[in-house]
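Protein sequences appear in the order of chains A and B. According to this note's numbering, the first sequence holds residues 8 to 280 in order. According to this note's numbering, the second sequence holds residues 127 to 588 in order.
Treat the hints as calculated values from the structure; they're not laboratory data.
Each computed BS3-like pair below joins lysine-lysine, with the alpha-carbon atoms no more than 25 Å apart:
hint, chain 1, residue 1, chain 2, residue 2
1, A, Lys173, B, Lys301
2, B, Lys187, B, Lys249
3, B, Lys390, A, Lys173
4, B, Lys301, B, Lys319
5, A, Lys171, B, Lys390
6, B, Lys301, B, Lys277
7, B, Lys319, B, Lys432
8, A, Lys171, B, Lys432
9, B, Lys301, B, Lys432
10, B, Lys394, A, Lys171
11, B, Lys432, A, Lys173
12, B, Lys277, B, Lys249
13, A, Lys171, B, Lys301
14, B, Lys432, A, Lys174
15, B, Lys489, B, Lys518
16, B, Lys249, B, Lys147
17, B, Lys319, B, Lys345
18, B, Lys301, A, Lys174
19, B, Lys301, B, Lys394
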Amino acid sequence: MIDAPQRLLSVAPSPAFWIAVVAYTAAEAALLAVLGGRVRLRPLALVLVGAAFAAHGIDIGWRGFDHVHPAQSVREALGFLSFIITGGYLLASARYRLTLGGAAVMPVALVLLVVARLTPAGSVPEDLTTLGRIHISLATVGVGVFALASALSVIYLAEERALKRKKFDAIAFKDRGAPLEALDRLSHRLIWIGFPIFTAALGLGAAWVSQRGESLDRPQYPLAVVTWISYAALLVLRQVYGWRGRRAARLNLAGFAAALLVLVLYLVRRMTG
Amino acid sequence: MSELFVVGISWRTAPVAVREKLAFRDDELSATLQAMTTDLPVAEALLVSTCNRVEVYGVGKPGADPTGPVRAFLAAQRDLAPGEVADVLYDHRGTAAVRHVFSVASALDSLVLGEAQILGQLKAAYGVATTAGTSGPLLGRCLERAFGVAKRVRTETAIARGAANVSTVSVDLAKRVFGNLTGKSVLVIGAGKMSTLAARHLYASGAQHIVVTNRSPEKAEALAAEIDGIARPWADLEAHLALADVVISSTGAREPILTRPLFKRVTKARRWRQLVVIDIAVPRDADPAIGEFDGVYVFDIDDLEKVVAANLAERARAAEHAGRIVEHEAGQFEHWMRTQGVVPTIRALRERFARVAEAELQKTLDQLGRREHTQAQQREAIQRLVQLVVNKLLHQPTIALREATPDEAGLRAEILCQLFDLSPGEAAAAAPAAPVGAERADPASALGQLAEPASSERKAVT
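Required output: the full structure, derived from the provided sequences and hints.
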């Protein structure tokens, strides 16, 4: 069953990958069960997330032994991005109860990992220089941090909606997750962390494109700039005009949507050669 | 063996008018407990007296049923005829009593399911009983286990989740937005009783800078003094709205005070900081439209009641699971109690066996120490020692079996077969030279064979 896709892959998925897939799926099931009222499963759910994170890390290391760099392509970077998101979620869970966030993040991490491992690999570009690798690495970390900030914004909007509309039986209300102010503050801090990383990635990306003598007329380049502008605007608006809460969360999601679109365009380009 | 009992009255069986007659003051508890253990067939006792229950948990003296005397005692303590409270007093014994204590500690028997106070009250009552010297090993173990069960129930179920009254719901909702309320500013508009209660809860949760404003400055001053706040003139309302994190409004105004135009000005000044408005007034003080502003959350009295109802419904659902935990734990405690009954027997049995083995071992060692022995002689001496110990240990049971009446012999033999995992039929089949016609199928005979060696062996060891 694995033979057909394996022909298309640069390196076959490791056993750790399949363990990670099972652990992510089980973690999602456990988180949903917790949201459904089986609160005793909360520690188990976190253990499963931890197991998925560990297996995912081993898989990345395994590929490293096969000389597959986590930032050698957008496809590989997606796997790394998923790893960062899960790690960030685990870190945040140590401080706040984020069951709803986990239930939202686990499928995203799983899909990213599966896409990164089971889609056609294409070939490693011959002109992938150190500059290119640093660009991809920084962009992956930056987008990973933005992804975490966005997950918090999604939870914020869900909880805020439940409170505003007085949906006291909504999961977002019953879950008793992190308070709104904490979600808003944490999301803002993550954007502060991710923004300089993403800025550096953007600058290095432009330098890499220029080094290769390519033109900047591909749609992903202006979209990356749109992402940067969105986050820059968000930081300025918060600092100067006090933007926070719902409007900040929405702008954060808009910026992340642009970042995702950039990734998708890169992925499609790699897959279609 | 003595068993646990419960005698008491609670909100389930009697209205407050009756409960208050049987209630005990804290300073009466110690003397009452000592009187109970002195004058009644009660070995251990604890008395818990709260607004919702008056209950005695205890252990009766061996062979006595203490529930009747305790009922009469409780009535007599309050100059009531036993008949006056006979219908409202209940009692439980054994496992039912344990189950009741566990349920009470877990707040499954409370008026408000899952409330936290009862556990503290039980702990205090246990402390009084311990100080008074009326709590013994069985009651103590039961209470300690009850506290553990209560903790388990609170951890593993949603029995204690969510606030269960309007005042605490206000705090809960504010915490949904702010998390920790430490350092948050509270603005109390109006000086109604409900807003006072809510402000007190917020203050107890860490909220600081409580500002009270009211059309009547005197009332504002009085309330501010009561809740450690500051009274401010009514004219400064807008300025304080711009600074507050939580607003509690409870005025008697006929028209909304917190209007949309007012909040349009205020939210800009607040730079969209979160604001929770708890409107307990009827008619409402807050125009519901102010909830449309970013960061403003408005809850009226109906909303608070809805949250209370939802939380109580969730607690009721959790109570089923909690009940199963209590049932399981009560079963385990019952098992422990049963084992406690046979502990002295086990101890005596072990001591007797040890004495016999030690005495025979000493004899053998003395014999061996008198002169040099070959290895074969030493081996023979050890075999004799083992045989002697076995004979001595089985002598008494064998006699008891042989001298029993036919009815008793069967029962005793059966018990021995169970205790020693004997299969007399198999033993007969395995025996190398069973005498023809011997009663090998009889467990008593099987034991007799083991206990009585051949005459030559007997000779050798004596």
